[in-house]
Amino acid sequence: MNRRPTAPPPAETHRNLLTDRPELYELRFPDPEYTAPRWAEAMLRAHGAGPEVLDLGCGTGRDAGWLHRVAGRTVTGLDSSAAMIAHARSHHPGPAYHVGDMRYFTLPGRFDAVLCLDSALLYCHTNEDLDALFGRLRRHLRPGGLLVAEMRNGAFFLGRTELLDAPRLDSITHEGVTLTSRTVLWIDHAAQLLRRTRSWAGDDGAPPVEQHSAWRLLFPQELRHLLAHHGFTVLALHDRPGPRTDPPWTDRGRSADAVATPATPGTAPGTAPAPAPATADGDRLHLVARFEPPARKGS
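First residue of the sequence shown: 3, per my numbering; consecutive thereafter.
Rather than coming from a laboratory, the hints here were simulated on the basis of the structure. A few of these clues could be false.
[Said to hold, decoys possible] Okay, the calculated beta carbon distance ranges per label pair:
no., residue 1, residue 2, range
1, Arg47, Pro95, 36 to 44 Å
2, Arg162, Ala98, 36 to 44 Å
3, Ala193, Asp103, 16 to 24 Å
4, Arg162, Thr108, 33 to 41 Å
5, Ser92, Pro34, 16 to 24 Å
6, Asp22, Asp133, 15 to 23 Å
7, Thr108, Pro34, 17 to 25 Å
8, Ser92, His231, 14 to 22 Å
9, Leu109, Leu165, 17 to 25 Å
10, Thr235, Arg47, 38 to 46 Å
11, Gly146, Ser201, 31 to 39 Å
12, Glu294, Pro169, 15 to 23 Å
13, Arg47, Ala230, 19 to 27 Å
No residue lacks a Cβ here, since even glycine has one placed at the ideal position from N, Cα and C.
Please put together the full structure from these sequences, using the hints given.
Next comes the structure, spelled out in structure tokens:
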């Protein structure tokens, strides 16, 4: 196992190559079949979400653009990176894009659903960050609106080390330059964070770039408690299948409802059998929850 690195300085003191240059992000993490937005659309349809969708942590706008262009939804995208939002506006037009922090944003109106894909929710590192995010969701979701999220799974790291045992090397080529990254993951147990150190080196002689980032590790039962505290009812919570699992989710040959419906224990005799029990030992976690604010007194 890798020796645990020294805790990094604050992330904002480091460049993030893939955030600074969004075209490289789409090269490093291609999605030619738009599996992520197709999965999100299937979850939205399966649970009857209305047309207005907020994509939090929308990144390059690839998913938001597909949902607008193909699914016909009215999409708003928000990301903290101005470079990502500029790329989204020019390469995936249609949605309304905004630069903002998911903990503190204020947008006009309310939405039928909020998406938090690719572990966007886990950039809220502290309990205070998470409470602030859910406060924003309560303010911006209509009653009965959906939260659809896809993220790393904290439970995967209980006794599992395969993502931590050795550095990962990846390469991409852009405009004749090959960039190679070396990624090391380690767990900061006290902060309950999965930390990442990634260094980039190109074959063009440019100075290498080192970046640091982290994700909050949330466990399934912890997430259920957090959601209930903020007025959400969990409709589905499971590890697979999803857009980034192996094998990935697919809508070919089966309905969206069959994918999105959670396990239902205690099926009565003579009724349709319950879906297979949900599991949560894979490295990704998939969530669908409905916002159900308490009724006002006297209503």
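Now the hints, each set against the structure:
Between Arg47 and Pro95 the Cβ separation comes to about 24 Å, which falls outside the hinted range of 36 to 44 Å. Against the hinted window of 36 to 44 Å, the Cβ-Cβ separation of Arg162 and Ala98 comes to about 40 Å, which satisfies the hint. Remark: the range hint 16 to 24 Å for Ala193 to Asp103 is upheld by a beta-carbon distance near 19 Å. Under the hint 33 to 41 Å, the C-beta atoms of Arg162 and Thr108, about 40 Å apart, fit the expected range.
At about 20 Å, the CB distance of Ser92 to Pro34 agrees with the hint of 16 to 24 Å. In this structure the supplied range 15 to 23 Å is violated for Asp22 paired with Asp133, their Cβ-Cβ distance being about 30 Å. In this structure the supplied range 17 to 25 Å is violated for Thr108 paired with Pro34, their Cβ-Cβ distance being about 35 Å. In this structure the supplied range 14 to 22 Å is violated for Ser92 paired with His231, their Cβ-Cβ distance being about 40 Å.
Range check, Leu109 to Leu165: about 35 Å between beta-carbon atoms, so the 17 to 25 Å window is missed. In this structure the hint that Thr235 and Arg47 lie 38 to 46 Å apart at CB is violated, the actual value being about 19 Å. Checked against the given bound of 31 to 39 Å, the beta carbons of Gly146 and Ser201, roughly 46 Å apart, lie outside it. Look at Glu294 against Pro169: about 44 Å separates their beta carbons, and that is not inside 15 to 23 Å.
For Arg47 paired with Ala230, a C-beta distance near 25 Å keeps the hint of 19 to 27 Å intact.
Checked against the numbered hints above, the structure breaks hints 1, 6, 7, 8, 9, 10, 11 and 12 and satisfies the rest.
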